[in-house]
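In our numbering, the protein residues as written are 14 to 90.
Fair warning: there could be bad hints in the mix.
[Said to hold, decoys possible] Lysine-lysine pairs mimicking DSS-like chemistry, simulated, CA-CA at most 27 angstroms apart:
1) Lys24 with Lys83
2) Lys33 with Lys57
3) Lys83 with Lys38
4) Lys69 with Lys38
It should be emphasised that the hints constitute simulated quantities derived from the structure, not laboratory data.
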Amino acid sequence: MSDYQQYIAEKEKIDFFINKGFRIKDVEENLEGSYLVLERNDGKKEISQEETLHIKHADSRKYFASLLIKQQQRQEN
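Generate coordinates for the entire structure from the input sequences, incorporating the hints supplied.
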């Protein structure tokens with residue numbers, strides 16, 4: 014898989030979960046990339062769903078960082 018194709022595949026995975034109502038809950042960085050933890054809550058505190066994505070491509074990490082900034086800005090308003 015080319016470098017660009019890897020970026021597009023990771024970006025599409027992130028977008029898939031964001032479009033389904035998931036929010037970024039946690040990010041864990043290491044030498045192998047980033048582990049992005051996404052959470053969806055249906056409004057009931059005890060019921061939530063979590064997904065973890067392993068993001069390796071640097072451009073994909075920049076992409077989810079921009080989404081995280083937007084998410085935080087919406088919370089402040």
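Verification of the supplied hints:
1. Lys24 with Lys83: 16 angstroms, holds
2. Lys33 with Lys57: This hinted pair holds, its Cα atoms lying about 17 angstroms apart.
3. Lys83 with Lys38: Holds - the C-alpha atoms of lysine 38 and lysine 83 are around 13 angstroms apart, at most 27 angstroms.
4. Lys69 with Lys38: 18 angstroms, holds
Every hint from the earlier list agrees with this structure, and none is contradicted.
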